[in-house]
Amino acid sequence: MIDDSHYKGQLQAEQHRSICQQQLGQQSFPKRQRGSSWQYAPIDRFKQAFDLGQVATKPVLHLPDDWQHHHQASDWVLGSDNQAIAQIQTKAGHHDFHPYFSLMNAAYAKSGMITSHAGLLRLWHIAGCNQLVGAKHQIDVKAGQSLQIIEFFTGTGSTHSMLDLHVQKDAHCTHWVIDLSQQAGLWRGQRISVEKGGHYQGHTWLGGSELARIETVIRLVGDGARGAWQGLSLPCAKQYHDFQTSAHHLAPHTHSHQEARMIADEQGTGIFQTSSHVHPPAHGAVSDQHSRHILLSDKAHIFTVPNLQIDQDQVQASHGANIGQLDEKVIFYLRSRGLTRMQAIGLMMRGFVGHLLESVPAPGDHQRFLTALTLSKQLTPIALADEISA
Amino acid sequence: MLAIQQITVQVEGKTIIDQLSLNIPKGQVHVIMGPNGSGKSSLSKLLAGHDAYTCTAGSIQLDQQDLLSLSVEQRTAAGLFLGFQYPMAIEGVSTYLFLREMLKRQAENQGKKPPSPTEMMQQIHQVADSLQLDRSLLKRSMNVGFSGGEKKRLEMLQMLLLSPKLTVLDEIDSGLDIDALNVVAKGIAAFKGPDHSVLLITHYPRLLELVKPDRVHVLKDGQLIKSGDISLARTLEKDGYQFIAS
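As they're listed, the protein sequences go chains B and E. Numbering follows the working numbering, with no gaps: position 110 of the first sequence is 110. Count along the second sequence from 1, then add 1000; that gives the number in the working numbering.
Just so you know, these hints were derived from the structure itself, not from any lab. Ideal placement from N, C-alpha and C gives every residue a C-beta, glycine not left out. It is possible that part of the hints are untrue.
[Stated by the list, open to error] Anything over 10 Å on all C-beta distances counts as not near chain B; from chain E, calculated:
#1 ILE1016
#2 PRO1025
#3 PRO1035
#4 SER1041
#5 THR1054
#6 SER1141
#7 GLN1158
#8 LEU1162
#9 LYS1186
#10 LYS1220
#11 SER1227
#12 GLN1242
[Said to hold, decoys possible] One-sided and incomplete, this derived list gives chain B residues near chain E with beta-carbon spacing under 7 Å:
#13 GLY197
#14 GLY284
#15 PHE332
#16 ARG337
#17 THR340
#18 LEU347
In isolation and in its complexed conformation, chain B is listed as follows (with noise of 0.2 Å):
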């Protein structure tokens, strides 16, 4: 999959990443990103090129590894390939993104940004054709505040990935990995810790990867503590996706969610193993695993491996696990009712990952998930947006 194009893509990449950092130089940027002279850069400089609005009260950036950046709502791109984010602005429809993000990420994402939000933060991981894009980012989330993140993958080449997300006391985190991609390849680590009192609530959806792996280890540190994680994959073709999970439960009261549900068609593979882990300060604890899964084909396979270790008296743990197919009753109660077999089978899907889609954050994100799952050949597109609301 990787051959000399792909190499010719990493050295344009690297010449289009310095042909920016010069470009934000002339800006009275600095050039270089590590060392002393990110440490006294001026946030006012930023404040005025990237037209921020309220901006954190700190006079000087303190990361000299990277960069922060303190503000409301707004869309990060991660990516090197100009091209590609032209591309996905066009598609998404946001033609406002700053240009200064994008010579930014092309300059310096390469290694990663750290970041410190509240309120929504939505960021696009875009791999060009034959690229390889490797993104490390760490979110915090501060004490006693509110944060969701929605993660796109999109484009045609392969991603690796990894976040390291800690949900401070009292935090509340909704995080949303989404793959909208032709791609390649996905690769996806994701370390999630939870201190006393935080709540994390991930979602993982897997649309177009060919190959896809996503690893998520919840670490619940403090007393009282959640973390729940569901994930959709619809594997097709020759697709394979693979869901590993597993949450610790470090303190006492704590509480997890591992829920998996996967469409598998044609040739497509669909993998989920998930592990709980009690260990014996975790007295209390409540851990629960389920997975639904659909196999559509003869030739689709699903493996499913729930796993617990529990070294604690004092827990609730549970798991639970089915793989089936279709039911022709209800497929024949909805012909009845004049659909066709594949718009009951398109409806039926719709409901299968229904609960899931109710919980999409914001309307205007919808479009964008439904398009994730009609990358899916079974899916008809019955479309949310217009559902109606009584």
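Following the hints, put chain E in place on chain B, whose structure we already have.
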């Protein structure tokens, strides 16, 4: 309207309906009663096009259209509606969404422009109110957690929205309390008209006293063995099916 001529029906090679004929003229309500296993529900599923049932002989026409040559959804488009004894639950699909898809498909099948979501919502609300169906049910997943009465009212709602030429109601009165039975009976009564025919399948004459059918037939061992008016149903309730056998 419906003309069934000498049909023989098999399931997995076993004959369950044998040379049955039945005619339901336009605007009439007919009833089929019979003991368990007599073939009542099989007849309803055969009419709707269930592929488990094979018609090896005879013909079925709805308004001069050959039903047996049509797929399930084509039969619906042709004007047939089957109200289920056990309506299906579909988790995650709101009742609104389902009803809207149903109305959209009907408009497409009739070559019409589908109504707007607002128009459909108004139409659904109007009919739901006439059936005393709680509107909050419409937001919930289709039939999930519904009581028996609520499920049957929802079947009636679909019937009234689609306004079919022929309605087959398979034990629509099972599991209903008295109030729900009255609502269903009113729905059928409101639906009756010169362009609509109804085939009711039931075990109990209670509903028939409210609906006032034109004809009552008794099905046993896959054959219609007796026909009459509503007094036949009353006799059956009093004396049982042994009365016919004797």
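Structure-based check of each hint:
No Cβ of chain B approaches the Cβ of E:ILE1016 within 10 Å, the least distance being about 18 Å, so the stated non-interface status holds. With a closest Cβ-Cβ approach of about 24 Å to chain B, E:PRO1025 is found to remain outside the 10 Å limit, as its non-interface label requires. No Cβ of chain B comes within 10 Å of the Cβ of E:PRO1035; the nearest lies about 24 Å off, and the non-interface call holds. The claim that E:SER1041 lies off the interface holds: its Cβ sits roughly 13 Å from the closest Cβ of chain B, which is beyond the 10 Å cut-off.
The Cβ of E:THR1054 sits about 15 Å from the closest Cβ of chain B, beyond the 10 Å cut-off, so the non-interface label holds. Annotated as non-interface, E:SER1141 brings its C-beta within 10 Å of a C-beta of chain B; the closest such distance is 7 Å. Once the 10 Å rule is applied to beta carbons, E:GLN1158 is inconsistent with being away from chain B; the minimum gap is 7 Å. Listed as a non-interface residue, E:LEU1162 fails to keep its Cβ farther than 10 Å from every Cβ of chain B; the least gap is roughly 8 Å.
Distance to chain B confirms E:LYS1186 as a non-interface residue, since its nearest Cβ pair spans about 23 Å, more than 10 Å. Taking the minimum C-beta to C-beta distance to chain B, about 26 Å, the non-interface status of E:LYS1220 holds against the 10 Å cut. Even its closest Cβ contact with chain B, about 27 Å, leaves E:SER1227 beyond 10 Å, as expected for a residue assigned away from the interface. In this structure E:GLN1242 is separated from chain B by more than 10 Å, as the shortest Cβ-Cβ distance comes to about 34 Å.
For B:GLY197, the suggested interface contact is broken, since its CB lies about 31 Å from the closest CB of chain E, more than 7 Å. The criterion of a C-beta within 7 Å of any C-beta in chain E is not met by B:GLY284, whose closest approach is roughly 31 Å, and the hint is violated. Look at B:PHE332: its Cβ gets to within about 6 Å of chain E, closer than 7 Å, so that hint holds up. The beta carbon of B:ARG337 comes within 5 Å of a beta carbon in chain E, closer than 7 Å, and the hint placing it at the interface holds.
Proximity of B:THR340 to chain E holds as hinted, the smallest CB-CB distance being about 6 Å (cut-off 7 Å). With 7 Å as the threshold, the beta carbon of B:LEU347 comes within range of chain E, its nearest partner Cβ sitting at about 6 Å, so the hint holds.
Hints 6, 7, 8, 13, 14, counting from the list given before, are not met by this structure.
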